[in-house]
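J.: Work out the full structure, taking the sequences as your base and the hints as a guide.
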Amino acid sequence: DGGITQSPKYLFRKEGQNVTLSCEQNLNHDAMYWYRQDPGQGLRLIYYSQIVNDFQKGDIAEGYSVSREKKESFPLTVTSAQKNPTAFYLCASKQQNTEAFFGQGTRLTVV
Amino acid sequence: DQQVKQNSPSLSVQEGRISILNCDYTNSMFDYFLWYKKYPAEGPTFLISISSIKDKNEDGRFTVFLNKSAKHLSLHIVPSQPGDSAVYFCAARGHGGSQGNLIFGKGTKLSVKP
Chain A
222 DGGITQSPKY LFRKEGQNVT LSCEQNLNHD AMYWYRQDPG QGLRLIYYSQ
272 IVNDFQKGDI AEGYSVSREK KESFPLTVTS AQKNPTAFYL CASKQQNTEA
322 FFGQGTRLTV V
Chain B
9 DQQVKQNSPS LSVQEGRISI LNCDYTNSMF DYFLWYKKYP AEGPTFLISI
59 SSIKDKNEDG RFTVFLNKSA KHLSLHIVPS QPGDSAVYFC AARGHGGSQG
109 NLIFGKGTKL SVKP
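Protein sequences, first through last, are from chains A and B. According to my numbering, the residues represented by the first sequence are 222 to 332, in order. According to my numbering, the residues represented by the second sequence are 9 to 122, in order.
Please keep in mind that the hints were generated in silico from the structure rather than gathered at the bench. Nothing false has been slipped in among the hints.
Cut-off 25 Å, straight-line C-alpha distance, at most; resulting in silico cross-link-like pairs (DSS-like, lysine-lysine): (1) A/K304 to A/K278; (2) A/K278 to B/K13; (3) B/K79 to B/K13; (4) B/K121 to B/K45; (5) B/K117 to A/K230; (6) B/K45 to B/K76; (7) A/K291 to A/K230; (8) A/K230 to B/K45; (9) B/K76 to B/K13.
Restraint ranges, calculated between C-beta atoms of paired labels, are given here: (10) A/T241 to B/P48: 21 to 27 Å; (11) A/T226 to B/Q89: 27 to 33 Å; (12) B/Y47 to A/S301: 30 to 36 Å; (13) A/Q277 to B/S77: 31 to 37 Å.
Residues from chain B that keep clear of chain A, each with C-beta distances beyond 10 Å, as calculated: (14) N35; (15) F73; (16) V86; (17) S93.
Note that beta-carbon positions come from the ideal geometry of N, C-alpha and C, so glycine has one too.
T.: Here you go:
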């Protein structure tokens, strides 16, 4: 079955550590996205990539980094520079004129 | 500056009645609008969309209306069912350097009471 998979579902990070969230899709979509959801804030765009080996900052990119070495994969690293990383992270993919398909999300908690 | 606004954070309706969720936008260049449904701790799922060249799109119990002059769209759910209880996000397709990107509202939490 085609789809988009995020792992892990739950992740705990100590302060000062970097962590990487995985996102894989087998939908053959060109574009991939990372969003962050906080209560009452909706979905805010962190980074996006419209093609392999290229990515752009979204609205809240500070403290995050990404790579797009393969079409299927768009990992997000939450660095120690992100001051408030506890949130629900959502990855999505889409083609140019279609709706976005979302993964099931990763809940990151700083302990 | 919010380009897509959902001004009602929550809505409660009785089972069997109509649910109307509203969304306003500011950018007249948006050409495509979508509604997503989201349950807690899950990713949003696509519900229904509408192109800016139309004013209505219907899919079963779900209908989306677009009023371009007012920069307003709404999602109607008739009849509402308890399983419809979720957060609903309105989204619009962006333009310019981020063409194809979706811009989301903050969501409206719908509660359908039996």
